[in-house]
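> Read off the chains here:
2 protein chains.
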Amino acid sequence: MAGSAKDRLAGEVAEIVGGPQVLTEPDLMAGYLVDWTGRWRGPARFVARPATTEEVAGVVAACARHHTPLIPQGGNTGLVGGGVPGPDRASGPSARPDPGLPVVLSLGRLEVVEPIDTAARQVTVGAGVTLGRLQLAAEQAGLAFGVDLTARDTATIGGMVATNAGGVHVLRYGPMRAQVVGVEAVLAGGQVISRLTGLEKDNVGYDLSGLLVGSEGTLGVVTRARLRLITRPRARVTALLGLSGTAAAVDLLAQLDLPSLTAAEIFYADGVERVGHHTGLAPPFPTPSPAYLLLECAGPTDPTDELADALDSAGPVHDTAVATDSTSRAGLWAYRERHAETVAALAGAGAPHKLDVSVPVAHLAEFEARVRGLIQQVHPGAIAVLWGHVGDGNLHVNVVGPDPNDEAVDDAVLRLAASLGGSISAEHGIGRAKLPWLALVRSQAELAALQAVKTALDPARLLNPGVLLPG
Amino acid sequence: MAGSAKDRLAGEVAEIVGGPQVLTEPDLMAGYLVDWTGRWRGPARFVARPATTEEVAGVVAACARHHTPLIPQGGNTGLVGGGVPGPDRASGPSARPDPGLPVVLSLGRLEVVEPIDTAARQVTVGAGVTLGRLQLAAEQAGLAFGVDLTARDTATIGGMVATNAGGVHVLRYGPMRAQVVGVEAVLAGGQVISRLTGLEKDNVGYDLSGLLVGSEGTLGVVTRARLRLITRPRARVTALLGLSGTAAAVDLLAQLDLPSLTAAEIFYADGVERVGHHTGLAPPFPTPSPAYLLLECAGPTDPTDELADALDSAGPVHDTAVATDSTSRAGLWAYRERHAETVAALAGAGAPHKLDVSVPVAHLAEFEARVRGLIQQVHPGAIAVLWGHVGDGNLHVNVVGPDPNDEAVDDAVLRLAASLGGSISAEHGIGRAKLPWLALVRSQAELAALQAVKTALDPARLLNPGVLLPG
Chain A
15 MAGSAKDRLA
25 GEVAEIVGGP
35 QVLTEPDLMA
45 GYLVDWTGRW
55 RGPARFVARP
65 ATTEEVAGVV
75 AACARHHTPL
85 IPQGGNTGLV
95 GGGVPGPDRA
105 SGPSARPDPG
115 LPVVLSLGRL
125 EVVEPIDTAA
135 RQVTVGAGVT
145 LGRLQLAAEQ
155 AGLAFGVDLT
165 ARDTATIGGM
175 VATNAGGVHV
185 LRYGPMRAQV
195 VGVEAVLAGG
205 QVISRLTGLE
215 KDNVGYDLSG
225 LLVGSEGTLG
235 VVTRARLRLI
245 TRPRARVTAL
255 LGLSGTAAAV
265 DLLAQLDLPS
275 LTAAEIFYAD
285 GVERVGHHTG
295 LAPPFPTPSP
305 AYLLLECAGP
315 TDPTDELADA
325 LDSAGPVHDT
335 AVATDSTSRA
345 GLWAYRERHA
355 ETVAALAGAG
365 APHKLDVSVP
375 VAHLAEFEAR
385 VRGLIQQVHP
395 GAIAVLWGHV
405 GDGNLHVNVV
415 GPDPNDEAVD
425 DAVLRLAASL
435 GGSISAEHGI
445 GRAKLPWLAL
455 VRSQAELAAL
465 QAVKTALDPA
475 RLLNPGVLLP
485 G
Chain B
15 MAGSAKDRLA
25 GEVAEIVGGP
35 QVLTEPDLMA
45 GYLVDWTGRW
55 RGPARFVARP
65 ATTEEVAGVV
75 AACARHHTPL
85 IPQGGNTGLV
95 GGGVPGPDRA
105 SGPSARPDPG
115 LPVVLSLGRL
125 EVVEPIDTAA
135 RQVTVGAGVT
145 LGRLQLAAEQ
155 AGLAFGVDLT
165 ARDTATIGGM
175 VATNAGGVHV
185 LRYGPMRAQV
195 VGVEAVLAGG
205 QVISRLTGLE
215 KDNVGYDLSG
225 LLVGSEGTLG
235 VVTRARLRLI
245 TRPRARVTAL
255 LGLSGTAAAV
265 DLLAQLDLPS
275 LTAAEIFYAD
285 GVERVGHHTG
295 LAPPFPTPSP
305 AYLLLECAGP
315 TDPTDELADA
325 LDSAGPVHDT
335 AVATDSTSRA
345 GLWAYRERHA
355 ETVAALAGAG
365 APHKLDVSVP
375 VAHLAEFEAR
385 VRGLIQQVHP
395 GAIAVLWGHV
405 GDGNLHVNVV
415 GPDPNDEAVD
425 DAVLRLAASL
435 GGSISAEHGI
445 GRAKLPWLAL
455 VRSQAELAAL
465 QAVKTALDPA
475 RLLNPGVLLP
485 G
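Those protein sequences? They're chains A and B, same order as listed. For the working numbering, add 14 to where a residue sits in the first sequence, where the first one is 1. For the working numbering, add 14 to where a residue sits in the second sequence, where the first one is 1.
Hints are computed from structural coordinates only; laboratory data are not their basis. Where is the CB? At the ideal position from N, CA and C, for every residue including glycine. It cannot be assumed that every hint is accurate.
So the derived label-pair ranges between C-beta atoms look like this [claimed, not checked]:
1. Gln269(B) with Thr338(A): 28 to 36 Å
2. Gly45(A) with Ala322(B): 56 to 64 Å
3. Pro304(A) with Gln269(B): 46 to 54 Å
4. Asp420(A) with Gly32(B): 50 to 58 Å
5. Thr245(A) with Gly329(B): 19 to 27 Å
Next up, chain A with everything else stripped away, as it sits in the complex (with noise of 0.2 Å):
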């Protein structure tokens, strides 16, 4: 906390979580100041790293005495800026620091995994629990958590929670909301919520848990939740298949009625080839396919037959590779999961374009075929590069090209989706990123509802300032 003996709401803070829980300095602050694509930074008064609920309740309740506003942050994993300080409005850099300047509240502390009750299959977690850390002890008490992503070593609960994140395995288990049984939140006052009893009927008022799901920390600080564990699947078998595009792809999905399905996920061959020259990977048959579907089923017994089976019965399929043991379904996944890092080489020190976007699915051909067409046009030259997950509708659109700051593309890109019944956001969240399209896909009145909701739970707008709703 050297440097900051002037800003007293620090050492009021400092009082709370500990003096070294309160940085201040630019070097230890530099990585809470800047999400991982590089795309949004921006200063902060210090940041602060409470490890308990209380911890967080009186930083919040003195960040509102003190008129700061605060900035929840927990894995930092997020696309969409919501979870960093917005671009700084002061001119330059000041030896005081400046009042104006928001807190950044790092939950990573709060990491315990309560004792999970396998009766009721639900376990309690801290905010700051990553996502691997939940999954391996539900996997210890022989269960399993219905979702799962790219960045499960760094994305914490909190965060997804607080996004309402997505991942691979939707269309079976749906988001995190479906796992949520209810929240312990922190609201703008300092008050505590807490809906962790783990009662699965419980109608009982509004339910403020499932509005803290995907309030992008605006409404609240989520500081543990009560989540839904499901069976543990005993088998599972994956198989890559090369198909003739996106077309082929919805209707292969729509003709396999297959209720083990677990992932469903598309990636196509210019994708491919960039990631097998970034990770040396070698292309997964000797012909290229113009699209990519990773099948994965799994449930109590072995799913291996009956996916093939569906499978013989459905339509052309120009090369398929199944994946029964952990070693070739790693191998099988990897052509998906290195998109990320790949389009990250791609960009180099700039920012990739990440536009998370989703479709009605009898669109997503159209949109697939019409959106590389579109970024072309907008910026010739523009690298795109798409992924996504088939059953959702659910295309992460990202392009390579046109500077970080330069929106062009990101505009065509989501007008097209909201032109086809879509959204501007599947699964990322509107943050700082898609803030300028929110009209696109909400009402006027459906906006001021947005706003007095707000305005209700945080009147004097100190959570997440900037983030998901103007102002």
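Put chain B on the given structure of chain A with help from the hints.
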């Protein structure tokens, strides 16, 4: 509309919905002013029966202009007085319409079932569509709806959304909340908000649809809902087991690891005996058992062997009856479903006390054992009839004996549930009935947050005043 010539609001509403759809005569209004148990009743200025979302919006806007409260009403099958006017504050009948009286807004004419989207497995239905009609429409499309309850031919989707209805399949498919992709609703000023696009992933702003689910008509009037449908199970098996008590039922259920389980209903020897007296149904087994567990499994393949194997390796069972055809299945379900009418008959002209509570499943046996003694202690000679959903820790405690307005038994039962970490309302909601006990299960901070959300969306407090929240 005869007799209301002096009521300017009624005139305006008649312009919107048509004169015959504004009911002002006492005999025409009567059915809308009392709930089906007879416990809750109150006067209204008139009843309006709009047929479209636009008409609902017009009526709501007119009432807002006239500062007149509105009581949204669906199939009027609620059990907590949330869909009928509150008791009259006036001293007696008057020749002139009392401007303080609410308008009942009956949604029964919003009865369109839109064409089912079989690819997305979704359907959009009007608020006035009964559960039974939705089930039939889904069935005709080769699909099914995930919620079922005894009042299926009267309960409407709007009311079921507004109360987050539960029913017998929650343990498999979740409550209404889990079926709702999005809703269309009219807010307190008459603004329409709509989320009927069917996008499964749409992380854009707060989940207003989810907030409206379970809000009991106090935040908006649900006019349409976009609902998920499920694969229609091709085969089904039902088993009625005679058991030694609640603990045995809980233990047995915990031992069954049956992914195909769709229902686990519990009821008791005294209830079955009373059902027999009232309905003439023969006892299920020659020798009564203290408790009965009704299990149903359904899936793509015949689950009969799976259930039999699971029961073989589970705990001791006194008696077992298995039904694999629809007639014998209905016969087994009758023991469960005819409890409600039996209790209504026992209560005669009075209304039974219907206390719907949940506790952690681990405490269900303790709750059941203690609640019976407690009821006798508070009101010696009272008849207590219990049934419920074991998997959800949800018991319906029905009490006949105390005057409907004598709430001593209610108080004791709800306090017992709360003391065991349970809820004062598992699936019926708060309505008017449970309001006095809200603070047993929600903190001051939580109640303040609920009030803030209410004020944000209905600042004049015109939507269902006196329901879910005080004031």
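> None of the hints should be skipped; say for each whether it holds.
The hints, checked one at a time:
1. Separation of Gln269(B) from Thr338(A) is about 30 Å and conforms to the stated range, judged on CB atoms against 28 to 36 Å.
2. Range check, Gly45(A) to Ala322(B): about 58 Å between beta-carbon atoms, so the 56 to 64 Å window is met.
3. Separated by about 50 Å at the C-beta atoms, Pro304(A) and Gln269(B) satisfy the suggested range of 46 to 54 Å.
4. Separated by about 56 Å at the C-beta atoms, Asp420(A) and Gly32(B) satisfy the suggested range of 50 to 58 Å.
5. Between Thr245(A) and Gly329(B) the Cβ separation comes to about 20 Å, which falls inside the hinted range of 19 to 27 Å.
Of the numbered hints given earlier, the model fails none.
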